[in-house]
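Once you have looked at the hints, place chain B on chain A.
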Amino acid sequence: MKPRLIGVRWTWLRRATQWVLLALFLWLFRHTENRGAPGVNAAANAIFRLDPLVAVSAMLAVKELVLSLWPALITVTLTLLLGRFFCGWVCPLGTLLDLTHRVLPRRRTAPNPRWRVAKFFLLGVVLVSAVAGFQLIGWLNPFSILVRGLTVAVDPALTWTLTAPFTWLLRHAPESVTNISEPIYAWLKVHVLAFSQTRFQWAWVSLGILLLVFALELVERRCWCRNLCPSGALLGWLGRFSWLRRLPGRVCGGCKAESDCGEDCRMGAFDSEKRFLSESCNLCMDCVVRCPSGAAQFRFKPAMKPAAPFEPSRRLFLVSLATGIAVPVAARASGAAHRMPSDLIRPPGARPEKEFLEACVRCGECMKVCVTNALQPVLFETGLSGTFSPRLVPRMGYCEYNCTLCSQVCPTGAIQRLPLAQKQKFVMGRAIFNKEICLPYAKGESCITCEEHCPLPEKAIQFREVETVRKATGERVVVKQPFTLLKLCIGCGLCVNKCPVEGTAGVKVVRADAVPLAVRKEYEQLEASIAPSPKGVTDPY
Amino acid sequence: MNHPLNEFACPFVNRRRFLREVATWTAGAAVAVPLFRIAPRAQAATSSPTLVVGKGTDYEALVAKVLEPIGGLAPFIKKGAKVVVKPNIAWDRTPEQAANTHPLVVKAMVKLCLAAGASKVMVFDRTCHKEQLTYVSSGIQKAVESIKDPRVSCTFVDDRKFVPVKIAKGKANTQWDFYKDALEADCYINVPIAKHHRLAGLTLGLKNIFGIIGGKRGELHKTLGQSIVDLNLVRPPTLTVIDATRILLRNGPTGGKLDDVKELHTLIVSTDTVAADAYATTLFGMKPDEIETTRLGAAMGLGEADLNKVKIVQV
Numbered sequence: 000m001k002p003r004l005i006g007v008r009w010t011w012l013r014r015a016t017q018w019v020l021l022a023l024f025l026w027l028f029r030h031t032e033n034r035g036a037p038g039v040n041a042a043a044n045a046i047f048r049l050d051p052l053v054a055v056s057a058m059l060a061v062k063e064l065v066l067s068l069w070p071a072l073i074t075v076t077l078t079l080l081l082g083r084f085f086c087g088w089v090c091p092l093g094t095l096l097d098l099t100h101r102v103l104p105r106r107r108t109a110p111n112p113r114w115r116v117a118k119f120f121l122l123g124v125v126l127v128s129a130v131a132g133f134q135l136i137g138w139l140n141p142f143s144i145l146v147r148g149l150t151v152a153v154d155p156a157l158t159w160t161l162t163a164p165f166t167w168l169l170r171h172a173p174e175s176v177t178n179i180s181e182p183i184y185a186w187l188k189v190h191v192l193a194f195s196q197t198r199f200q201w202a203w204v205s206l207g208i209l210l211l212v213f214a215l216e217l218v219e220r221r222c223w224c225r226n227l228c229p230s231g232a233l234l235g236w237l238g239r240f241s242w243l244r245r246l247p248g249r250v251c252g253g254c255k256a257e258s259d260c261g262e263d264c265r266m267g268a269f270d271s272e273k274r275f276l277s278e279s280c281n282l283c284m285d286c287v288v289r290c291p292s293g294a295a296q297f298r299f300k301p302a303m304k305p306a307a308p309f310e311p312s313r314r315l316f317l318v319s320l321a322t323g324i325a326v327p328v329a330a331r332a333s334g335a336a337h338r339m340p341s342d343l344i345r346p347p348g349a350r351p352e353k354e355f356l357e358a359c360v361r362c363g364e365c366m367k368v369c370v371t372n373a374l375q376p377v378l379f380e381t382g383l384s385g386t387f388s389p390r391l392v393p394r395m396g397y398c399e400y401n402c403t404l405c406s407q408v409c410p411t412g413a414i415q416r417l418p419l420a421q422k423q424k425f426v427m428g429r430a431i432f433n434k435e436i437c438l439p440y441a442k443g444e445s446c447i448t449c450e451e452h453c454p455l456p457e458k459a460i461q462f463r464e465v466e467t468v469r470k471a472t473g474e475r476v477v478v479k480q481p482f483t484l485l486k487l488c489i490g491c492g493l494c495v496n497k498c499p500v501e502g503t504a505g506v507k508v509v510r511a512d513a514v515p516l517a518v519r520k521e522y523e524q525l526e527a528s529i530a531p532s533p534k535g536v537t538d539p540y
Numbered sequence: 003m004n005h006p007l008n009e010f011a012c013p014f015v016n017r018r019r020f021l022r023e024v025a026t027w028t029a030g031a032a033v034a035v036p037l038f039r040i041a042p043r044a045q046a047a048t049s050s051p052t053l054v055v056g057k058g059t060d061y062e063a064l065v066a067k068v069l070e071p072i073g074g075l076a077p078f079i080k081k082g083a084k085v086v087v088k089p090n091i092a093w094d095r096t097p098e099q100a101a102n103t104h105p106l107v108v109k110a111m112v113k114l115c116l117a118a119g120a121s122k123v124m125v126f127d128r129t130c131h132k133e134q135l136t137y138v139s140s141g142i143q144k145a146v147e148s149i150k151d152p153r154v155s156c157t158f159v160d161d162r163k164f165v166p167v168k169i170a171k172g173k174a175n176t177q178w179d180f181y182k183d184a185l186e187a188d189c190y191i192n193v194p195i196a197k198h199h200r201l202a203g204l205t206l207g208l209k210n211i212f213g214i215i216g217g218k219r220g221e222l223h224k225t226l227g228q229s230i231v232d233l234n235l236v237r238p239p240t241l242t243v244i245d246a247t248r249i250l251l252r253n254g255p256t257g258g259k260l261d262d263v264k265e266l267h268t269l270i271v272s273t274d275t276v277a278a279d280a281y282a283t284t285l286f287g288m289k290p291d292e293i294e295t296t297r298l299g300a301a302m303g304l305g306e307a308d309l310n311k312v313k314i315v316q317v
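Those sequence lines, one after another, are chains A and B. As numbered in this note's numbering, residues 0 to 540 make up the first sequence, in order. As numbered in this note's numbering, residues 3 to 317 make up the second sequence, in order.
Next up, chain A with everything else stripped away, as it sits in the complex:
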């Protein structure tokens, strides 16, 4: 008989592992940004690539092998060995839920089997829908929920909250105080705070979903993990075949402890007949540690059958299948589905729209890493199919010409990794001018800030000198009125971002296929009309 590890050590080991991995996750989150280094940490999106459900749903949807998702095989292998250990030892959301539980009032409710099978229902819906080309994982993947919620809501709020007092002190306190507060702020800025204050539209939606997951702890301990998490459901199902098994396979009669394993289990891993459910167990080792008689233990017994039959019924399986087909059909049949706003710009290197939405798992990593805060989550602009996918909003941030960070962090290749030279030619959209707003056209004012900032070596914005009236003074002036060389413009949005007009800019980026024919013709004529003079100073050399 193998000697059993002293009980307390398991708890300590599990908790230590949870803490360390949570710290690592948060450290990687904080370092999914750029402060001057040539790239971003290669492990930044590790948590997504470790999730087998992300891998399976992405590959099923795009119908391709995505090699970057190979780490999921590590998780699968270890799960087949050990069971659903990932949920108890590794998952950062799981660790945070455990921490939340400690601060909530203690209630004990009997686990409800009906809710328990919901996670398998959701797993089925996600998988079938993915096969049908409709990616639902972004709504239900624990890491998408966590990272996106942190990125768009928690982190910006935290940055603002921690910065505000120091800003107030800098503005209102004498030097004797700021000589102390400023070095503290400088330290926080390097080690704790994000590099810059970010802002995201629709942040409250992602925050709401994240908070809901935590609020469910009031219903049941690890409610999300027990009942809803489809990634956990997949791991749980794999865990039924694991080599590591729990003994005994049911709650002991005549248990000497205050409460038995069935009552105490944080995952509710015992059914109404007190049989052990291996698909629910996350190997927290609490029952082993608590057991007064040493009966509860885990052993390697690969041939052993699971103690209880697989809970989801055939009926549930069929309903899940049907729903997984119905959702994409309904979404595609709806009027909103074919909405594609002309100014909905995707990140540079994004796959064509259909494949993009199949591959994008709405993780929020690209939005986190974008140096200019340009990438923002979509809500219902494209119906339900695009919710939480990223779009480039030039008024909030532009695409830096020499940057490829978003493609480096995308775990599924929805944003393809292109060599820099190729990315610099990737057309995200085209800039077109609004003559009612653009100052030289609308007000006869001098400007061309847009032309000044165009990052292309051969500028995509040119201008025509036109005599007009300056509205503010009534005098006749000659102003430079800008237009776009559409064939060169890549739609980075820097022109829109720097346009000094308050509110709506005088220029906007539209999808390349959405440039009105009249505008295209006009710009072609303007290009022909400006004399082919040297575009700068006459070279005296």
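No lab work stands behind these hints, which were simulated from the structure alone. All values reported here derive from a predicted model rather than from experimental measurement. Be aware that a few hints might be false.
Derived DMTMM-like pairs (lysine to aspartate or glutamate); straight-line CA-CA distance at most 25 Å [as the list claims (entries may be wrong)]: (1) B:163 - A:154; (2) B:84 - A:174; (3) B:313 - B:221; (4) B:173 - B:221; (5) B:173 - A:474; (6) B:259 - A:457; (7) B:84 - A:181; (8) B:150 - A:181.
Relative to the frame of chain A, chain B by itself:
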């Protein structure tokens, strides 16, 4: 504010009062915006301004060589002075692309400031592209940090440190936000690069002030020439060193094509920024008064644009 009044930094008498206003506004003790009410005065009231031009491929040696005829930095930096060296670090471009000041020129300037007895030398710029990219690709952050002196800092601009300043004699702009560290420096050394700029014609010494102002800089393009001059009234540089080691002839101020760059290995130094700009214009085959900013700067009394009235020293 106990630093000695530096004659060259500011020939204007009530600078001390202005700095006191800045300090009290910053400490939240006053609501009134600091008012820079000083009238411009010709930089060289008694003698024509001196301008030094030098050529050489060893940029560190060249910087020292062009400063020699005006006595090095000793006339401008008293022992213990707080110095700001303000290069152009605005663009995510490499040194060869001639969009930012050459890192070796910046490094040489900083070292000379230290040698002259500065207690603090700050290098910064309010960038156009993202600062974490420009500071690296320009090579300036690395060059300055390689000096390894605790008195030197090359930091990002802190958005919280902009102070609104009223410009009493401003024609196009009567108020704008300025960076506190630049306002409070005992010595403000302006180190721009000479480049093509579609709207301004060329961007030279006077326009480099854009790196120490806040607000929406695009707004200033409506009256660019006059706005630049108005802003220079508040913080006229102690010394301007125009980096013409390589100049950008076309597609400025962003640049990006090496074909648009011309290597001249030249530096221009003067306490008169207008004169420096006027001379730099000639390097592009243009006449000084073709550049509106230079013309208006001379008209407002910021300096001398007529090169015949400038003492030009070639080294």
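Structure-based check of all given hints:
Straight-line distance between C-alpha atoms of residue 163 (chain B) and residue 154 (chain A) comes to about 23 Å, which keeps the hinted pair within the 25 Å bound. Distance check on the hinted pair: residue 84 (chain B) and residue 174 (chain A) sit about 17 Å apart at the alpha-carbon level, within 25 Å; holds. With a CA separation close to 36 Å, the supplied pair residue 313 (chain B) and residue 221 (chain B) exceeds the 25 Å bound. Proposed proximity of residue 173 (chain B) and residue 221 (chain B) is supported: the alpha carbons are some 15 Å apart, at most 25 Å.
Pair hint residue 173 (chain B) plus residue 474 (chain A) holds up; C-alpha atoms about 17 Å apart against a cutoff of 25 Å. With a C-alpha separation of about 8 Å, the suggested pair residue 259 (chain B) and residue 457 (chain A) falls inside the 25 Å cut-off, and the hint holds. A distance of roughly 19 Å separates the Cα atoms of residue 84 (chain B) and residue 181 (chain A); the hinted pair therefore holds under the 25 Å criterion. Proposed proximity of residue 150 (chain B) and residue 181 (chain A) is supported: the alpha carbons are some 23 Å apart, at most 25 Å.
This entry does not satisfy hint 3, going by the numbered hints stated previously; all others are met.
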